[in-house]
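Residue numbers (numbering that gives the first Met the number 0), protein chains in the order written: chain F, 0 to 545; chain C, 0 to 316.
Accuracy of the hints is not assured; some may be wrong.
With the Cβ distance kept under 8 Å, some of the chain C side facing chain F (calculated, not the full set) [said to hold, decoys possible]: (1) Pro39; (2) Ala42; (3) Val46; (4) Gln51; (5) Ile153; (6) Val156; (7) Asp159.
What the hints contain is simulated information worked out from the structure, not anything from laboratory work. Cβ atoms here follow ideal geometry from the backbone N, Cα and C, with glycine treated the same way.
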Amino acid sequence: MKFSSTFAHNSRKSSFPLKSLAVATLAALIPITAMAQGGTVRIGMTASDIPLTSGAPNSGFEGVRFTGMTLYDALVSWDLSVEDRVAPLVPQLASSWHVDESDPRKWIFQLREGVKFHDGSEFNADAVVFNFDKVFNDQSPQYDARQAAQVVARLPAYESIRKLDDYTVEITTKTPNAMFINQLPFMFMSSPAHWEALNGDWEAFEKNPSGTGPFKLDVLVPRERAELVPFAEYWDESRRAKADRLVLIPIPEANTRANALLSRQVDWIENPPADTLPMLQSRGYQITSNGYPHIWPWQFSFLDGSPWLDQRVRQAANLAVDRESIQQLLGGYMVPAQGLLLPDDSAFGEPAFTIGYDPDAARALLAEAGYGPGNPLKAKVLISASGSGQMQPLQMNELIQQQLKEVGIEIEFEVLVWETLFNNWRQGAADPASLGAHATNITFATHDPFAAMIRFIDSKNVAPVSLNWGHYSNVEVDGLITELQTAFDPEENLRIYRQLHETLVEDAPFLFVGHDTGPRAMGPKVAGFVQAKSWFQDLTPVYMAD
Amino acid sequence: MFVFIIRRFLYAIPIALAVAAVCFSLVHLAPGDPLTAIIPADAPAEVVIAIQQAYGMDRPLIVQFGSWIQRALQGDLGVSVATGRPVMGDIALALSNTLLLAFAAALLGFFGGILLGGLAAIYNGTWIDKLATALAITGVSIPHYWLGLLLVIIFSVQLDWLPSMGAGPGGSSDWRLDWAHLRHLVLPAVTMCFIPMGIVTRTVRATVSEILNSEFVTALYARGLRGRRIALHVAKNAAPTVLSVMGLQFGYLLGGSILVETVFSWPGTGYLLNTAIFQRDIPLLQGIILVLAMFFVGLNLLVDVLQTLMDPRIKRG
Chain F
0 MKFSSTFAHN SRKSSFPLKS LAVATLAALI PITAMAQGGT VRIGMTASDI PLTSGAPNSG
60 FEGVRFTGMT LYDALVSWDL SVEDRVAPLV PQLASSWHVD ESDPRKWIFQ LREGVKFHDG
120 SEFNADAVVF NFDKVFNDQS PQYDARQAAQ VVARLPAYES IRKLDDYTVE ITTKTPNAMF
180 INQLPFMFMS SPAHWEALNG DWEAFEKNPS GTGPFKLDVL VPRERAELVP FAEYWDESRR
240 AKADRLVLIP IPEANTRANA LLSRQVDWIE NPPADTLPML QSRGYQITSN GYPHIWPWQF
300 SFLDGSPWLD QRVRQAANLA VDRESIQQLL GGYMVPAQGL LLPDDSAFGE PAFTIGYDPD
360 AARALLAEAG YGPGNPLKAK VLISASGSGQ MQPLQMNELI QQQLKEVGIE IEFEVLVWET
420 LFNNWRQGAA DPASLGAHAT NITFATHDPF AAMIRFIDSK NVAPVSLNWG HYSNVEVDGL
480 ITELQTAFDP EENLRIYRQL HETLVEDAPF LFVGHDTGPR AMGPKVAGFV QAKSWFQDLT
540 PVYMAD
Chain C
0 MFVFIIRRFL YAIPIALAVA AVCFSLVHLA PGDPLTAIIP ADAPAEVVIA IQQAYGMDRP
60 LIVQFGSWIQ RALQGDLGVS VATGRPVMGD IALALSNTLL LAFAAALLGF FGGILLGGLA
120 AIYNGTWIDK LATALAITGV SIPHYWLGLL LVIIFSVQLD WLPSMGAGPG GSSDWRLDWA
180 HLRHLVLPAV TMCFIPMGIV TRTVRATVSE ILNSEFVTAL YARGLRGRRI ALHVAKNAAP
240 TVLSVMGLQF GYLLGGSILV ETVFSWPGTG YLLNTAIFQR DIPLLQGIIL VLAMFFVGLN
300 LLVDVLQTLM DPRIKRG
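The following block holds chain C by itself, in its conformation from the complex:
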């Protein structure tokens, strides 16, 4: 197992480099000048040159990439063009907010998905199954930024129950586990839980009904096992598939919340990414993409390890 983890860890290095290279080239291929955010359009040419030099953007792209990678390896992702703050600090704070939101959404989505999917499999073909499947399809199909706006209109604007934006009265740097802060989490978390809930529902339903129809379950019944004992066997067999889907979904929750975070002004990585894109803040943009990509790689590694632990048949390498 130790060798397996080390090997998977080493695999992550070329992936990280490739991701870094791709994101670096993409942001430089995009239209617009990276320094547009800070240089007025009619700035004298000498001012433009001086600022390009100050930010090292007068050098060839390959040199810029080299020095960026070199610093990134030492944990320094540079300084934001727009704010002058270290990129690492901004990402760390944003990541903690996104993690909070992702955990809340994952908790709701996975719990709801397992419950609905399990019920649908057990009551296969009945109205319960149809209702659960319909909910799952709705959850997957609904554009979540639209759902977010709808929830805001109902629960914030009309009913005045929950706040429509922000991370709480104290902002994210002063976040506490109390209702004043939690109420800010409710709407974005509910909005974000719909997609994972739909996908997990469908996965659990498919996997569990397949297992319920398999021969070993019939054999378990034949041996007189009932209820909870059977459920335990089914759960254990369904776990690796469901877990890998949940791992991926959690990854999406971490990186894919750009629209929801923007709609709710939730100060996470998606919101930060949006800001970086609109301000063409290249160091920030590169930093976030790299960190998010590394999160995905790490999460996949974790899921692989967990799957192997749960199901010894999955021998990798």
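Isolated chain F (complex conformation):
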């Protein structure tokens, strides 16, 4: 019965023999379908498996999107109901918080009262402590290495937690860090009572999880499907699920996903193949997209001998790229970059250097730097032929190569297997595995200051410590990062973050190319979806219109 809708849907369209069996089955299912108010929404994910369901999803941000934010809540999360600005952080299970004035390493969180887990137990300070211990305290009975692997690296600032009263907890960070709050949306709260009822078995919890999220897990068939149903007692009435059932189906092959949508086996697919978008649109499918905190850059090397050491050269390269033609190449599904952050991000600021297409200015800057027709600038760049978030790396890079050549920059590519390129990120430009390259082309998330900038530009984060691949070092930038880490007043924090971005755009340690728009394709009946400017999306308002 649980899988009724898939079959019913297909059978209704079918004109194949043995119809009688299909009709009989369908007849048996009609009462269920008739009761449905919001219908069943079947989603084809790009993951090759159902992301983990016990409270620390794998499969990257797609896992967080589908089995994290649906089944669970965190202390803070993003407001995904807005589509016209980058999704802001909002309180979720914590109703408010403040930083201890006498010791800025201590964050005090006031918890929301009256919140229930799916198993009926109550959410309180003990549950929060239980959850931090499940991933950070390997001496605790609930410690789960598998969940720790997913979460610990996302909360690098965390040191310890303490319950102050039933609805107040105090979290201590390793050093004063104003950006700690940005790390908390990845820490989901699983039910301690339910874990105990399952005899402390996380494997059993995986099949039968309990969070406080707007959906409950109903069916889980590993590698094939997960079925989610609304949690009727969800604490946030504005986010009660509208669909009666969400079916999550892993379909890693892009063409298979598109075919599944076209043959109506699913109602929604993530990341449809770019060349199918016009056809899908012409057949009445909805295509949604929206710029989100993602950047497709070249990250320059600042080692001796790199041609990018001169700021004028870096600015020239940024002026030589015609981003609108790249946007065209991608069927429009890219926002031309004017910096690391989306142009409408509140921290974008007003950089003194405006990034746009101006080949004459680029030539002039190159001439100033001593390059010219008889003396072209030569550089080697590491790229991949595919990879997560890389969009269409070969075509995009070749177009950039042509455009740079027109101003006198000759680029040679070293094409690596995606996994090799990705691992090289942490090894850095000085490592022999970088083959003496002067830039690397890896896309990344820019949803908070650490993700967007600090890991790449802080001189303390030079590879292999973190992802400052090119050994970039700038005293002004380092100073701003230190200020940012200790600026606990939100407005002051935003002002410094803005200044940091302005400085970066001007200094151009990256070739800023574009931001992905995360296209999705949906059947004509899917309704209610608002695509937020985020890696994450809210599935609660989605339903099937009659």
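Please arrange chain C on chain F, whose structure you already have, making use of the hints.
Structure of chain C alone, referenced to chain F:
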């Protein structure tokens, strides 16, 4: 015969060890870190070390290999890095799905191949022969993932007759022998049957025409045997060759369906292998390769035994 089977079984042990060693070294030689799937690129160094320790990947390769083999001998293939589930359980489920698909494809392919090949041999040189040969060459040459996509476009997207992916409404864990599930099997099975059908057609055609031209068949005719009696003799003589080819083809169907299973999101071993490769899930990858290799060894053993039973002239050892 018993000694023969025991001896062949013992031969399988060094083969298994060699396969295990080769697949272990290959997956570790491949680019990328095995823990990339679960550790974010900017994870602090202490977190990376802790996770490497938790998965035992901080030890020398030879030690890792030793402990893996030790556990594998006890039937424990470890735990998937990506999902934390026991590898053995995942492989068992995937194998049952692949077996289902392989049986369906083998049934179609072998039946079609024997029919076409037999007709081609009997009507040697006529248009029937030419048609059968042309079909066989097409079957062998056509890239089957392309054929799969084509079939999906025609029968799922355009005609809306058959589903384009998945194992059925209930998923593979709830598989039943009814039309709701069988219709999911049709397109992948048809796609996969083309290669074995082509190869079996060609083998049957070559073997049967050779036998039909041999002296003993002339002698049978001379003794007045006709029709079905002759066919029986021919079939019996052609069987060992055709059987060994079919055995190998069945082996390929079991292990070689990675593209078709991916195109149809069929939750079998090929799909699992694809997942394991892309997630760099080394325990899963090693486990699948080992199990598939053992399947091949077992299947070859079975074919050898069957051949010996059918044709006493094949004395091995």
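Notebook entry, point to check: Once the shortest beta carbon distance from Val156 (chain C) to chain F is found, is it less than 8 Å?
Noted result: 4 Å, holds
Notebook entry, point to check: Does the interface hint hold: is Ala42 (chain C) within less than 8 Å of chain F, judged Cβ to Cβ?
Noted result: 3 Å, holds
Check: Per the CB criterion, is Ile153 (chain C) less than 8 Å away from chain F?
Finding: Hint violated; Ile153 (chain C) Cβ to chain F Cβ min 11 Å, cut 8 Å.
Next item on the list: Using Cβ atoms only, decide whether Val46 (chain C) comes closer than 8 Å to chain F, and label the hint accordingly.
Entry: Interface hint status for Val46 (chain C): holds (5 Å vs cutoff 8 Å).
Item checked: Status of the hint placing Pro39 (chain C) at chain F (closest C-beta pair under 8 Å) -> 5 Å, holds
Note to self: Interface hint check: Asp159 (chain C), Cβ to nearest Cβ on chain F, cutoff 8 Å. Holds or violated?
What the structure shows: Hint holds; Asp159 (chain C) Cβ to chain F Cβ min 5 Å, cut 8 Å.
Item checked: Minimum beta-carbon distance criterion (8 Å), Gln51 (chain C) to chain F -> With a closest approach of 10 Å, the Gln51 (chain C) hint is violated.
Hints 4, 5, counting from the list given before, are not met by this structure.
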